[in-house]
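Number of protein chains: 2
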Amino acid sequence: MRDIFDAELAQLGEDLVAMSARVERAITQAGIALLSADVTLAEAVIADDLGIDAMERDLDERCVLLLAQQQPVATDLRIVVSALRMSASLERMGDLARHVAQVARGRYPRHAVPQSLSGTFAEMHDAAVRVARRTTTLLENRDIALASSIESDDDLLDELHEDTFTALLGGAWVGNPQETVDVTLLGRYYERFGDHAVSVARRVTYLVTGAHAAETPTTA
Amino acid sequence: MRDIFDAELAQLGEDLVAMSARVERAITQAGIALLSADVTLAEAVIADDLGIDAMERDLDERCVLLLAQQQPVATDLRIVVSALRMSASLERMGDLARHVAQVARGRYPRHAVPQSLSGTFAEMHDAAVRVARRTTTLLENRDIALASSIESDDDLLDELHEDTFTALLGGAWVGNPQETVDVTLLGRYYERFGDHAVSVARRVTYLVTGAHAAETPTTA
Numbered sequence: 001m002r003d004i005f006d007a008e009l010a011q012l013g014e015d016l017v018a019m020s021a022r023v024e025r026a027i028t029q030a031g032i033a034l035l036s037a038d039v040t041l042a043e044a045v046i047a048d049d050l051g052i053d054a055m056e057r058d059l060d061e062r063c064v065l066l067l068a069q070q071q072p073v074a075t076d077l078r079i080v081v082s083a084l085r086m087s088a089s090l091e092r093m094g095d096l097a098r099h100v101a102q103v104a105r106g107r108y109p110r111h112a113v114p115q116s117l118s119g120t121f122a123e124m125h126d127a128a129v130r131v132a133r134r135t136t137t138l139l140e141n142r143d144i145a146l147a148s149s150i151e152s153d154d155d156l157l158d159e160l161h162e163d164t165f166t167a168l169l170g171g172a173w174v175g176n177p178q179e180t181v182d183v184t185l186l187g188r189y190y191e192r193f194g195d196h197a198v199s200v201a202r203r204v205t206y207l208v209t210g211a212h213a214a215e216t217p218t219t220a
Numbered sequence: 001m002r003d004i005f006d007a008e009l010a011q012l013g014e015d016l017v018a019m020s021a022r023v024e025r026a027i028t029q030a031g032i033a034l035l036s037a038d039v040t041l042a043e044a045v046i047a048d049d050l051g052i053d054a055m056e057r058d059l060d061e062r063c064v065l066l067l068a069q070q071q072p073v074a075t076d077l078r079i080v081v082s083a084l085r086m087s088a089s090l091e092r093m094g095d096l097a098r099h100v101a102q103v104a105r106g107r108y109p110r111h112a113v114p115q116s117l118s119g120t121f122a123e124m125h126d127a128a129v130r131v132a133r134r135t136t137t138l139l140e141n142r143d144i145a146l147a148s149s150i151e152s153d154d155d156l157l158d159e160l161h162e163d164t165f166t167a168l169l170g171g172a173w174v175g176n177p178q179e180t181v182d183v184t185l186l187g188r189y190y191e192r193f194g195d196h197a198v199s200v201a202r203r204v205t206y207l208v209t210g211a212h213a214a215e216t217p218t219t220a
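So the protein lines, in turn, are chains A and B.
No gaps in the numbering here: position 5 of the first sequence is 5 in the UniProt record's numbering, and each next residue is one more.
No gaps in the numbering here: position 19 of the second sequence is 19 in the UniProt record's numbering, and each next residue is one more.
What the hints contain is simulated information worked out from the structure, not anything from laboratory work.
Keep in mind that a hint or two might mislead.
[Said to hold, decoys possible] Heads up, incomplete: computed chain B residues facing chain A, CB under 8 Å, no partners named:
#1 A68
#2 V81
#3 A88
#4 L168
#5 L169
#6 W173
#7 P177
#8 T180
#9 V181
#10 T184
#11 L185
Ideal Cβ positions, reconstructed from N, Cα and C, are used throughout, including at glycine.
Just chain A, with the same shape it has in the complex (with noise of 0.2 Å):
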């Protein structure tokens, strides 16, 4: 029984590193089809979220069959339960990736990102990637060090999103409406997925120490 249990739990430990891989992947086509302009992939990046939506269900439909069969306690138990917790947050990433690639494929031809915050949005590209990647790792491997690259990222994330503000209102500003809402629309997508990723890495972090990490202010 109890190594039924045992492959079932590692079976959902491997759906998690297989759905953050995934959201990985659209994260860093999203941001590229953002930078360049490049339909093709943002078309892909939509698509695809489809998939990362279906395997949330699967994974969630796991987790209640596992409840009930298996009627985990204490540790096992909370690693169900954080499952549960983690995809729903991966899914809002999967969400966030083909948010912004629908920026993109609205603008095609066009850059949806003006020239003067390219900088500031390939940053929050690198720093959105190296966030996924971690993420996915840090679920495959449980290194705690990782959890705190996430958050460190994430504050570069939230520095980042502040610079856009700062170019928007500072006065100096000279894009059209369709721009100003592009960039802060952009911006904020950028933001969540940091804060997503903060969460899924608190609860691993859990997971392996037993201690709460603070609570995530959330943010706009």
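With the hints as your guide, set chain B onto chain A.
For chain B alone, coordinates are given in the frame of chain A:
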């Protein structure tokens, strides 16, 4: 044993109703604060969000304890897992109310919403308040007829969100970048509020009817 379990499930239901009622108050007050530039009310909403977050944590801990101690299966298990998910949606709705209040506070003593869009945001506020009230009532009485009116108001929120883009991008917009940013974010907060309420409504419907409603198409 069953009696205790039924009492605990009933308590869980009551906790969700209480949490939803508090979110309903938050969205109501946040909208009033926004539309009337009432900074005191905005501060109250922002402060109260910590209480909503605490309710989510308590509710989740109770769910995990219930899973551990009662080992529910079948419908009972679905109820507990749904409660975990609904509390997460309600918590996000509370966050969104706080975000609206933060925008109101940030622009005080000015109005965050420009005159030309005050009618649109008054309609969004009304729809959001109806959605919040019906979500509370639905959790209370499980009258799934309410779910369809929540879906209708969510559609209305989507349309009003589109109206804000039309206003911003139609060529006649004369707002400054701060106003463009505020309208962009506020529109999104209200639109997301509807999405989360629909998610709660579909979970209740599923528990009552046993049939999954079509998946929510997640919008930007």
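Results for each hint:
Annotation: interface hint on A68(B) holds; nearest CB of chain A at approximately 5 Å, less than 8 Å. A cut of 8 Å between beta carbons decides the hint on V81(B): the least distance to chain A is about 6 Å, and the hint holds. Here the hint on A88(B) is kept, as its CB sits about 7 Å from the closest CB of chain A, short of 8 Å. The beta carbon of L168(B) is positioned within 8 Å of a beta carbon in chain A (closest approach about 5 Å), and the interface hint is therefore held.
For L169(B), the shortest C-beta to C-beta distance to chain A is roughly 6 Å, which falls under 8 Å, so the interface hint holds. At about 5 Å, the closest approach between the beta carbon of W173(B) and any beta carbon in chain A falls short of 8 Å, and the interface hint on this residue holds. Satisfaction of the interface hint for P177(B) is found here, the shortest Cβ-Cβ separation to chain A being roughly 5 Å, below the 8 Å cut-off. Proximity of T180(B) to chain A holds as hinted, the smallest CB-CB distance being about 4 Å (cut-off 8 Å).
Because the closest C-beta pair between V181(B) and chain A is about 5 Å apart, less than 8 Å, the hint holds. With its C-beta approaching chain A no nearer than about 4 Å, T184(B) sits inside the 8 Å limit, and its interface hint holds. Of the supplied interface hints, the one on L185(B) holds, with its beta-carbon coming within about 6 Å of a beta-carbon of chain A, less than 8 Å.
Checked against the numbered hints given earlier, this structure breaks none of them.
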